[in-house]
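Under UniProt numbering, the first residue of the sequence shown is numbered 1, with each subsequent residue one higher.
Hint data in this document are derived by calculation from the structure and do not stem from the laboratory. Possibly wrong hints are sitting among the right ones.
[Unchecked claim] DEER-style ranges, computed between Cβ atoms:
#, residue 1, residue 2, range
1, 36, 9, 38 to 44 Å
2, 88, 67, 28 to 34 Å
3, 9, 57, 16 to 22 Å
Don't be surprised by glycine CBs; every beta carbon is placed ideally from N, CA and C.
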Amino acid sequence: MYTLIVVLGIAAALLFLAGFSRGVRNAVVEYRRGTPEPTEVPAYNYVGMAAVSVVLSATFIALAGVAPMWIYAGPLLVLGTAAGIGIAFFVERPSV
1 MYTLIVVLGI
11 AAALLFLAGF
21 SRGVRNAVVE
31 YRRGTPEPTE
41 VPAYNYVGMA
51 AVSVVLSATF
61 IALAGVAPMW
71 IYAGPLLVLG
81 TAAGIGIAFF
91 VERPSV
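Make a model of the complete structure from these sequences and hints.
Following this line, the structure appears as structure tokens:
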């Protein structure tokens with residue numbers, strides 16, 4: 001399991017860094033254009049996803065006290081979060 005977490009960690013870190021560098025490049029390009037930021041707020045929100053994340057985290061913390069195997073769920077959730085943030089930078093559409 002240790003090897004799996006290390007491999008997934010490296011993959012998630014690379015995905016996050018690639019996405020972050022793309023996000024920084026997009027931000028610099030938008031800044032250099034000098035156009036004002038859009039003021040519209042999207043109609044969707046992430047309250048449901050945040051609630052699910054909190055419930056899953058609490059569940060895995062509780063399960064770690066029941067069976068030692070669940071101690072690995074925490075690092076896997078963190079890696080999934082890092083990968084998700086990296087993917088979000090690629091999915092983001094420029095505001096121009």
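Now for the hints, and whether the structure bears them out:
Restraint check, residue 36 to residue 9: a C-beta distance of roughly 39 Å satisfies the suggested window 38 to 44 Å. Checking the proposed 28 to 34 Å range against residue 88 and residue 67 shows it holds: the Cβ atoms sit about 32 Å from each other. One distance hint, 16 to 22 Å for the beta-carbon pair residue 9 and residue 57, holds here, with the actual separation near 18 Å.
Going through the hint list in order, the structure satisfies each hint without exception.
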